[in-house]
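Novice: Based on the sequences and whatever the hints tell you, model everything.
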Amino acid sequence: MSPRARPDAPHPHLTSAYCKGCGRCVDACPKHCIEPGTAIDPLSGLVPVTLDLEACTACGLCYEACPEPFGLHPDDEQHAWELSDPKEHFGPRRESSAPVAVDRPSRLIPLPSDLAPLIIKGTYASAIGALLAGCRHFFGYPITPSTEGAELMAKVLPGLEGVFVQACSEVATINHMYGCGGAGLRTMTFTSSPGLSLMLEGVSYMIGAEVPGVIVNIMRGGPGLGNIGPAQSDIRLVCRGLGHGNTHAIVLAPANPQEMLDLTMLAFDLAFAYRNPVVVLGDGYLGQVTGKVALPDHLVEPGLPAWAVYGDREHRRNLISSIELGEADLEARNLELQAKYDRMTANEQRSDSFRCEDAEVLLLAANTPARMAKAAVQRLRAQGVKAGLFRPVTLWPFPMDALAALLPQARRLMVVEASLGQLEDELRLALSHAGVAHPPIEHVQHTGGVLPQPDEIVQAVLRQEGAR
Amino acid sequence: MTVFYENFERHAHGEGLKAHSTHYCPGCGHGLAHRYLGEAIEALGIQDRTVAISPVGCAVFMYYYFDVGNSQAAHGRAPAVALGHKLANPESIVISYQGDGDLASIGLAEIMHAAQMGLPLSVIFINNATYAMTGGQMAPTTLIGQKTATTPEGRTTFAGQPLKVAELMAQLDGPIYVERVALYDNKQRVKARKAIEKALRLQVEHKGFSFVEVLSECPVQLKLDPVEAQAWVKANMAPVFTLGVKKDTSADATPREWHRPSFDPELLMGQIGASPDHPERHAAGFPVHLDADDVSLKLAGAGGDGAQTVAALLTEAGIREGFDATHIPSYGPESRGGTSYADVHIAREEVLSPASPDPHVLLAFNALSLRKFGPSVRPGGVILYDSTVAEAPPAVAEGVRVLGVPFARLAHDLGAAVVKNVVALGALQAATGLFPPATLRTALARHLAKKPELLPLNEQAFAAGVEAVARLMAR
Numbered sequence: 000m001s002p003r004a005r006p007d008a009p010h011p012h013l014t015s016a017y018c019k020g021c022g023r024c025v026d027a028c029p030k031h032c033i034e035p036g037t038a039i040d041p042l043s044g045l046v047p048v049t050l051d052l053e054a055c056t057a058c059g060l061c062y063e064a065c066p067e068p069f070g071l072h073p074d075d076e077q078h079a080w081e082l083s084d085p086k087e088h089f090g091p092r093r094e095s096s097a098p099v100a101v102d103r104p105s106r107l108i109p110l111p112s113d114l115a116p117l118i119i120k121g122t123y124a125s126a127i128g129a130l131l132a133g134c135r136h137f138f139g140y141p142i143t144p145s146t147e148g149a150e151l152m153a154k155v156l157p158g159l160e161g162v163f164v165q166a167c168s169e170v171a172t173i174n175h176m177y178g179c180g181g182a183g184l185r186t187m188t189f190t191s192s193p194g195l196s197l198m199l200e201g202v203s204y205m206i207g208a209e210v211p212g213v214i215v216n217i218m219r220g221g222p223g224l225g226n227i228g229p230a231q232s233d234i235r236l237v238c239r240g241l242g243h244g245n246t247h248a249i250v251l252a253p254a255n256p257q258e259m260l261d262l263t264m265l266a267f268d269l270a271f272a273y274r275n276p277v278v279v280l281g282d283g284y285l286g287q288v289t290g291k292v293a294l295p296d297h298l299v300e301p302g303l304p305a306w307a308v309y310g311d312r313e314h315r316r317n318l319i320s321s322i323e324l325g326e327a328d329l330e331a332r333n334l335e336l337q338a339k340y341d342r343m344t345a346n347e348q349r350s351d352s353f354r355c356e357d358a359e360v361l362l363l364a365a366n367t368p369a370r371m372a373k374a375a376v377q378r379l380r381a382q383g384v385k386a387g388l389f390r391p392v393t394l395w396p397f398p399m400d401a402l403a404a405l406l407p408q409a410r411r412l413m414v415v416e417a418s419l420g421q422l423e424d425e426l427r428l429a430l431s432h433a434g435v436a437h438p439p440i441e442h443v444q445h446t447g448g449v450l451p452q453p454d455e456i457v458q459a460v461l462r463q464e465g466a467r
Numbered sequence: 000m001t002v003f004y005e006n007f008e009r010h011a012h013g014e015g016l017k018a019h020s021t022h023y024c025p026g027c028g029h030g031l032a033h034r035y036l037g038e039a040i041e042a043l044g045i046q047d048r049t050v051a052i053s054p055v056g057c058a059v060f061m062y063y064y065f066d067v068g069n070s071q072a073a074h075g076r077a078p079a080v081a082l083g084h085k086l087a088n089p090e091s092i093v094i095s096y097q098g099d100g101d102l103a104s105i106g107l108a109e110i111m112h113a114a115q116m117g118l119p120l121s122v123i124f125i126n127n128a129t130y131a132m133t134g135g136q137m138a139p140t141t142l143i144g145q146k147t148a149t150t151p152e153g154r155t156t157f158a159g160q161p162l163k164v165a166e167l168m169a170q171l172d173g174p175i176y177v178e179r180v181a182l183y184d185n186k187q188r189v190k191a192r193k194a195i196e197k198a199l200r201l202q203v204e205h206k207g208f209s210f211v212e213v214l215s216e217c218p219v220q221l222k223l224d225p226v227e228a229q230a231w232v233k234a235n236m237a238p239v240f241t242l243g244v245k246k247d248t249s250a251d252a253t254p255r256e257w258h259r260p261s262f263d264p265e266l267l268m269g270q271i272g273a274s275p276d277h278p279e280r281h282a283a284g285f286p287v288h289l290d291a292d293d294v295s296l297k298l299a300g301a302g303g304d305g306a307q308t309v310a311a312l313l314t315e316a317g318i319r320e321g322f323d324a325t326h327i328p329s330y331g332p333e334s335r336g337g338t339s340y341a342d343v344h345i346a347r348e349e350v351l352s353p354a355s356p357d358p359h360v361l362l363a364f365n366a367l368s369l370r371k372f373g374p375s376v377r378p379g380g381v382i383l384y385d386s387t388v389a390e391a392p393p394a395v396a397e398g399v400r401v402l403g404v405p406f407a408r409l410a411h412d413l414g415a416a417v418v419k420n421v422v423a424l425g426a427l428q429a430a431t432g433l434f435p436p437a438t439l440r441t442a443l444a445r446h447l448a449k450k451p452e453l454l455p456l457n458e459q460a461f462a463a464g465v466e467a468v469a470r471l472m473a474r
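Top to bottom, those sequences are chains A and B.
Taken in order, the first sequence gives residues 0 to 467; the numbers are from numbering that gives the first Met the number 0.
Taken in order, the second sequence gives residues 0 to 474; the numbers are from numbering that gives the first Met the number 0.
Possibly wrong hints are sitting among the right ones.
Straight-line Cα separation of at most 30 angstroms, DSSO-like style, residue types lysine-lysine; simulated pairs [what the hints assert, rightly or not]:
#, chain 1, residue 1, chain 2, residue 2
1, B, 163, B, 222
2, B, 190, B, 163
3, A, 30, B, 246
4, B, 233, B, 371
5, A, 30, B, 193
6, B, 186, B, 222
7, B, 163, B, 197
8, B, 186, B, 197
9, A, 154, B, 450
10, B, 197, B, 146
11, B, 222, B, 190
12, B, 163, A, 30
13, B, 222, B, 233
14, A, 30, B, 222
15, B, 246, B, 222
16, B, 450, A, 30
17, B, 186, B, 246
18, A, 154, B, 449
19, B, 197, B, 222
20, B, 233, B, 163
21, B, 163, B, 193
Stretch by stretch, here's where chain B covers chain A in the computed footprint (C-beta under 8 angstroms, at least three residues) [as the list claims (entries may be wrong)]:
#, region
22, 135-143
23, 314-322
24, 329-338
25, 408-414
26, 456-462
Please keep in mind that the hints were generated in silico from the structure rather than gathered at the bench.
Cβ atoms here follow ideal geometry from the backbone N, Cα and C, with glycine treated the same way.
Specialist: Written as structure tokens, this is what we have:
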């Protein structure tokens with residue numbers, strides 16, 4: 000709609016303080032009504048244009064050339080003097096006319112109680128956990144050994160009128176999630192170590208902008224291309240290095256296909272409870288291993304959080320952003336995030352223990368190595384060694400409270416892991432922060448796709464016990 | 000204008016003049032593009048359902064101004080974020096707004112793939128031939144000869160040539176509307192306003208992907224006054240980045256239909272294969288003659304031998320019989336024809352380590368697998384191998400029973416080489432008594448539920464394996 004098409008087009012009006020004096024309107028006016036200014040505006044410190052509307056034909060070209068929203072504008076009735084309600088005129092400044100949104104709660108829909116267990120691999124169990132948690136939007140980029148999860152989503156989601164997108168990269172993947180999660184929906188991806196490295200910028204943005212999402216990372220051997228064998232090579236990355244800035248996310252470490260389902264479901268609840276991404280951290284073995292998976296008694300139909308940028312009237316005033324230009328503002332923002340991390344640390348520590356009640360030798364392991372460690376505990380018990388397994392289910396926050404209770408009776412701590420000390424470092428850091436006394440820490444470590452086996456764990460313990 | 004906030008509270012907390020002034024420098028083209036966007040949003044009546052994606056670059060603070068849903072994206076990723084929003088709510092009108100460094104350099108992959116998906120999105124691309132926010136460095140659209148902070152002697156072809164993005168977009172199948180416009184005079188501004196409105200209208204009509212490239216002035220980095228900058232764009236940019244419609248197939252575009260995601264439990268159960276039926280059990284108890292608590296098996300061959308299928312059937316059988324079971328595959332790097340090994344455990348209570356480094360039972364489909372794993376079978380265990388292709392293993396542990404069964408030949412005799420793994424399954428059942436035959440037949444029938452016509456052949460293959468072992472044992 001051209002202003003010249005309007006016979007009643009009004010003359011221009013200018014509030015000088017909002018004019019930056021760029022002169023586009025000077026150039027645009029065919030009647031030379033507008034001149035570059037000469038006087039500095041006392042409010043803006045800039046030199047606004049001057050208007051002499053003697054020859055103005057109200058063509059409107061000047062205000063169509065003005066780049067400022069409150070710069071040159073039609074002098075129509077909106078700006079004419081009229082009596083207005085003082086309450087409205089002097090009331091609080093209004094940022095947006097949009098309403099303030101409220102949370103729409105999720106709904107739990109019961110499932111039949113007599114469902115046969117599924118016999119599926121870990122990645123499938125995780126994908127089905129996501130579906131049961133109400134995730135209908137999947138974004139991902141194929142990478143071994145995580146891809147079967149994505150393939151199942153590609154097969155199943157169309158039948159549920161959901162969305163599967165194979166993104167052009169992991170970088171695009173995490174940004175699709177940023178958009179979809181920012182709209183308030185439950186979204187996820189499957190990836191493996193090098194893919195997670197690529198996503199980290201976006202993960203930092205999600206944390207900074209408080210966008211929930213679930214990232215299932217099936218760890219493989221690194222660094223670099225490494226191999227596709229099972230490993231716990233990204234524990235440091237997900238616990239200490241989720242992109243730039245002051246970042247943390249809850250890290251859930253399943254040990255079998257059942258937990259792949261259960262913890263993926265839990266991950267969605269945690270992601271939305273804290274408005275933060277959640278990492279489900281598996282190893283290549285766990286992704287591939289087929290096992291028995293019982294289904295829960297309900298599925299989730301997600302609601303919509305009040306903060307979502309959903310693209311409707313109710314959520315119009317919302318903003319998803321991680322920018323804070325002012326140093327004090329950004330410090331305050333980081334302190335808020337830190338307070339949130341502290342709440343996670345206080346409330347979300349999870350762990351499992353096996354025969355720890357009287358354990359003098361405490362094995363500590365997560366993911367698939369915890370299965371081997373459990374077998375080792377059984378064999379050690381059979382040989383009269385009072386061994387137990389402490390299994391962190393959250394690697395961050397580290398379940399220090401539960402572990403601390405077991406330490407007084409323990410003579411020995413042995414960390415069993417498929418990395419060169421990444422889990423042990425988390426343990427040592429947690430012990431240091433907690434300031435609790437602890438017994439000597441030994442370890443059984445493998446890397447590169449080799450997993451610790453029960454016999455070598457038993458032998459390592461017996462060696463230490465023999466040296467006592 | 001109501002599409003802009005009454006007060007820019009997000010701009011330095013809306014203090015002083017900042018409540019009503021943009022952060023843009025005098026004469027910057029962004030303000031005009033914002034203005035035309037605002038007019039289009041108002042004209043189309045879509046303010047409530049608009050989501051604007053702010054990029055990285057000078058327009059990073061676009062969300063200061065538009066009273067719409069706002070999302071701020073990482074550098075180059077606005078189209079990816081926009082897609083996330085659009086797919087979350089197809090009724091929303093999503094605007095991805097980017098500058099030249101953001102879209103044409105670091106974000107080239109995202110814009111190309113978003114364009115090719117062709118979903119209804121409106122992309123506004125501001126091309127001012129420079130990285131303005133970071134201080135006037137070379138952009139992918141900087142002209143040859145143009146001096147910037149990183150091309151102090153002027154851009155040469157060594158730094159690459161100016162990327163003509165509108166033409167690039169027009170070559171793609173995805174977009175339905177691509178136009179390049181400018182802001183340097185009244186005529187171009189009218190066209191720019193119309194193009195931006197059209198890009199939004201096509202999305203309102205659910206038609207497809209629209210792309211508007213706007214040649215824009217950055218007087219500060221050009222070191223020109225704003226009116227001179229207009230003349231510079233006209234004289235220098237417009238000849239290289241020619242104006243006009245580059246592609247418009249919007250008249251032929253049919254509106255896209257969208258569906259709401261389903262949370263119907265019946266539908267989900269069907270999709271994931273969950274059912275309430277519990278198949279009947281056939282085993283009297285755990286196969287304690289093999290191990291008191293945990294039987295481990297290794298199935299080894301080449302890709303295509305069917306080791307993984309046998310493993311899956313055994314795992315399923317174990318779980319249906321009420322035990323715990325696991326199956327872990329391991330493949331060579333080749334997708335077919337390489338090694339294909341499977342470790343299976345059947346445990347009375349819980350499988351601990353799912354690996355089978357010293358299995359009770361080895362099923363070997365070739366000589367290599369037999370040699371590799373034969374010696375690892377634990378004392379008293381069982382080795383079954385395909386005697387069509389392999390000789391007996393050199394040395395095995397004490398008390399290991401070694402049975403050569405011609406899986407491949409028996410399958411060949413049945414007229415279907417592919418069922419050699421089912422022959423092997425039958426042989427394994429007969430040789431180990433791991434489960435009653437009915438257990439494995441049930442698993443086989445479930446496995447072939449969608450191809451029932453293949454069941455008789457598979458039943459024959461299973462029986463052939465059972466009989467072959469019976470003959471060996473009778474000797």
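Novice: Now look at each hint and say whether the structure bears it out.
Specialist: Now the hints, each set against the structure:
no.	hint	verdict
1	163(B) / 222(B)	holds (24 angstroms)
2	190(B) / 163(B)	holds (19 angstroms)
3	30(A) / 246(B)	violated (37 angstroms)
4	233(B) / 371(B)	violated (75 angstroms)
5	30(A) / 193(B)	holds (24 angstroms)
6	186(B) / 222(B)	holds (25 angstroms)
7	163(B) / 197(B)	holds (21 angstroms)
8	186(B) / 197(B)	holds (17 angstroms)
9	154(A) / 450(B)	holds (19 angstroms)
10	197(B) / 146(B)	violated (35 angstroms)
11	222(B) / 190(B)	holds (27 angstroms)
12	163(B) / 30(A)	violated (37 angstroms)
13	222(B) / 233(B)	holds (16 angstroms)
14	30(A) / 222(B)	holds (28 angstroms)
15	246(B) / 222(B)	violated (34 angstroms)
16	450(B) / 30(A)	violated (83 angstroms)
17	186(B) / 246(B)	holds (21 angstroms)
18	154(A) / 449(B)	holds (17 angstroms)
19	197(B) / 222(B)	violated (33 angstroms)
20	233(B) / 163(B)	holds (16 angstroms)
21	163(B) / 193(B)	holds (21 angstroms)
22	135-143	holds (count 3)
23	314-322	holds (count 9)
24	329-338	violated (count 0)
25	408-414	violated (count 0)
26	456-462	violated (count 0)
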